[in-house]
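One line per chain: the protein sequences are W and L, in this order. Under UniProt numbering, the first residue of the first sequence is numbered 1, with each subsequent residue one higher. Under UniProt numbering, the first residue of the second sequence is numbered 1, with each subsequent residue one higher.
Fair warning: there could be bad hints in the mix.
When chains are identical, the list treats them as one kind, so a pair holds in a single copy or across two.
Distance condition first, Cα-Cα at most 20 Å in a straight line; then the derived DMTMM-like pairs of lysine to aspartate or glutamate [what the hints assert, rightly or not]: (1) K290 <-> E268; (2) K231 <-> D2; (3) K290 <-> E265; (4) K231 <-> D195; (5) K290 <-> E256; (6) K221 <-> E256.
Since the hints were made in silico from the structure, they are not lab data. Note that this is a predicted model, so its numbers are computed, not measured.
Protein chains: 2
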Amino acid sequence: MDVRELVDRTLHGDPRAIARAISLVENASPALREIMSGLAPHTGRARIIGLTGAPGVGKSTSTSALVARLRGRGTSVAVLAVDPSSPFTGGALLGDRVRMQEHAGDNGVFIRSMASRGHLGGLSWATPHALRVLDAAGFEVILVETVGVGQAEVDIARHADTTVVLSAPGMGDSVQAAKAGVLEIADVFVVNKADREGAHATVRELRQMIAHVDRPAGAWKPPIVSTVAAKGEGVAELLGRLDEHAAHLRSSGGLEVRRTARAREEIEAITVRALRERLGDVHGHSALDKLADAVARGHTDPYSAAEAVVAALTEAG
Amino acid sequence: MDVRELVDRTLHGDPRAIARAISLVENASPALREIMSGLAPHTGRARIIGLTGAPGVGKSTSTSALVARLRGRGTSVAVLAVDPSSPFTGGALLGDRVRMQEHAGDNGVFIRSMASRGHLGGLSWATPHALRVLDAAGFEVILVETVGVGQAEVDIARHADTTVVLSAPGMGDSVQAAKAGVLEIADVFVVNKADREGAHATVRELRQMIAHVDRPAGAWKPPIVSTVAAKGEGVAELLGRLDEHAAHLRSSGGLEVRRTARAREEIEAITVRALRERLGDVHGHSALDKLADAVARGHTDPYSAAEAVVAALTEAG
Numbered sequence: 001m002d003v004r005e006l007v008d009r010t011l012h013g014d015p016r017a018i019a020r021a022i023s024l025v026e027n028a029s030p031a032l033r034e035i036m037s038g039l040a041p042h043t044g045r046a047r048i049i050g051l052t053g054a055p056g057v058g059k060s061t062s063t064s065a066l067v068a069r070l071r072g073r074g075t076s077v078a079v080l081a082v083d084p085s086s087p088f089t090g091g092a093l094l095g096d097r098v099r100m101q102e103h104a105g106d107n108g109v110f111i112r113s114m115a116s117r118g119h120l121g122g123l124s125w126a127t128p129h130a131l132r133v134l135d136a137a138g139f140e141v142i143l144v145e146t147v148g149v150g151q152a153e154v155d156i157a158r159h160a161d162t163t164v165v166l167s168a169p170g171m172g173d174s175v176q177a178a179k180a181g182v183l184e185i186a187d188v189f190v191v192n193k194a195d196r197e198g199a200h201a202t203v204r205e206l207r208q209m210i211a212h213v214d215r216p217a218g219a220w221k222p223p224i225v226s227t228v229a230a231k232g233e234g235v236a237e238l239l240g241r242l243d244e245h246a247a248h249l250r251s252s253g254g255l256e257v258r259r260t261a262r263a264r265e266e267i268e269a270i271t272v273r274a275l276r277e278r279l280g281d282v283h284g285h286s287a288l289d290k291l292a293d294a295v296a297r298g299h300t301d302p303y304s305a306a307e308a309v310v311a312a313l314t315e316a317g
Numbered sequence: 001m002d003v004r005e006l007v008d009r010t011l012h013g014d015p016r017a018i019a020r021a022i023s024l025v026e027n028a029s030p031a032l033r034e035i036m037s038g039l040a041p042h043t044g045r046a047r048i049i050g051l052t053g054a055p056g057v058g059k060s061t062s063t064s065a066l067v068a069r070l071r072g073r074g075t076s077v078a079v080l081a082v083d084p085s086s087p088f089t090g091g092a093l094l095g096d097r098v099r100m101q102e103h104a105g106d107n108g109v110f111i112r113s114m115a116s117r118g119h120l121g122g123l124s125w126a127t128p129h130a131l132r133v134l135d136a137a138g139f140e141v142i143l144v145e146t147v148g149v150g151q152a153e154v155d156i157a158r159h160a161d162t163t164v165v166l167s168a169p170g171m172g173d174s175v176q177a178a179k180a181g182v183l184e185i186a187d188v189f190v191v192n193k194a195d196r197e198g199a200h201a202t203v204r205e206l207r208q209m210i211a212h213v214d215r216p217a218g219a220w221k222p223p224i225v226s227t228v229a230a231k232g233e234g235v236a237e238l239l240g241r242l243d244e245h246a247a248h249l250r251s252s253g254g255l256e257v258r259r260t261a262r263a264r265e266e267i268e269a270i271t272v273r274a275l276r277e278r279l280g281d282v283h284g285h286s287a288l289d290k291l292a293d294a295v296a297r298g299h300t301d302p303y304s305a306a307e308a309v310v311a312a313l314t315e316a317g
């Protein structure tokens, strides 16, 4: 399959081509440039919904329940499970994708895990690429699922139109003050496993914390939905809230703002990557490494080094 | 005070000049280029120790106790309290600096809070600049304190030679699996308020979690120190562990690796900033915004946009 055929088949929703394109993203293939160029005119239509939360709150079960309900109304859905592997150790995989297999025979569903260990720019670089592939492939809704670990949790809000933050009773950490950043990125809160003891307290605690976030007048107030995703309870209400948020984004102009901000970050990430690659040389150490060494030793300052980088970039261009 | 005088006085440790230089960092002053150039030959000597942890674990008290002990052995110390204000709302200030005032009359101590709301690049850009100022001013140890909220917590490890992660009994969230990223950045763990109930359980839990982190042979194994910082208990041991880690960094070559990586990020941050500024125009919307809009609408792809960015950068150069 050459690039042109890959683009063509992806645009027609061929699952093998889509999977292949996402593998090229994972491998940071040089072919991505041409692929993204071919896909671009067909992007901008999918609704992107991010789901995050601490391990054990039921993200996969909730994602699966949402997929079932979206399929019930005839909406095509792609699921991108992003593995925020630690850059420091091997990291753990996102885990149990088995629960998703109930949708395996359905052509209106595409499910894919993605890791990006070792990439320059990591998931902040790879995720938007994979979303472009799924968007161009014609999926009406893309669910991006990521485990709530550090930066990955906040990053998902950068990639999604709507961000869902899940918690569950008895997992106090997900609604702690320490997680203040999460309070501000959530468009919809879900308290899953709402049939467990402590669910009311969790909802109450969340409500209090949400009330303390300053929001401008007319801003969206994130609702809290109680669900028992394993039994499908509350999922219809969740979908209703997601639809309301989508309508709010369209009417307020927020959708355009979010998407343009996203595109700006994509462009910057690719520019920085291009810059790093151009500075690379064949002797194992890049020019940037040499400059960094000089700065670390106090032989030069970071501004002079940055100017040298820009100059090298200009010459290489 | 002109730039040359500011640099000169900073190098002589004049507190007013240092404070002024850090204000220029906060305000992203164009004078920074010249200031950093003047300071560069005098950098690379300070030991930078980062302290992080959830709100309420006693970071300020621990910092203050460490300052007292370092002063006791004649070491000059600067404290940089970094406020990871949320980019989404106004955010909360780091809070109680009052406890630090016991050191206020001591010339061997410099204490400064820093916020960087609204800056391009935020604290990841401003923190290394402020550290350079304090390093060049001759402080032997710089303590960087940041509250453990999302990304800021992990970012501190990028700026420090040694990272201390604090927790306290009864604050389960600080040692949850959800915080896996923090486990991997810590060089030294502190369980503060160790006279409280549950302290042994917290240490045990931490020890188990540390054991699950894969580390290469010969790598530093982060110790756990129990402290009651408010009473000064365990602080001597903490300082001992910090010294051991510093010795390990020197003997293993890890110090050079960390410092070069840090310089590389500094250079890249300044380059990206320069790039953004060069792309700006006087009509309120930058060229980058226009490109981002075109990408968001599917009129072009992010690679072509990035090429336009590089081309514009080249012309502007």
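Could you tell me which of the numbered hints above are not met by this structure, giving the numbers in increasing order?
Hint 2 is the one this structure does not satisfy, whereas the remaining hints hold.
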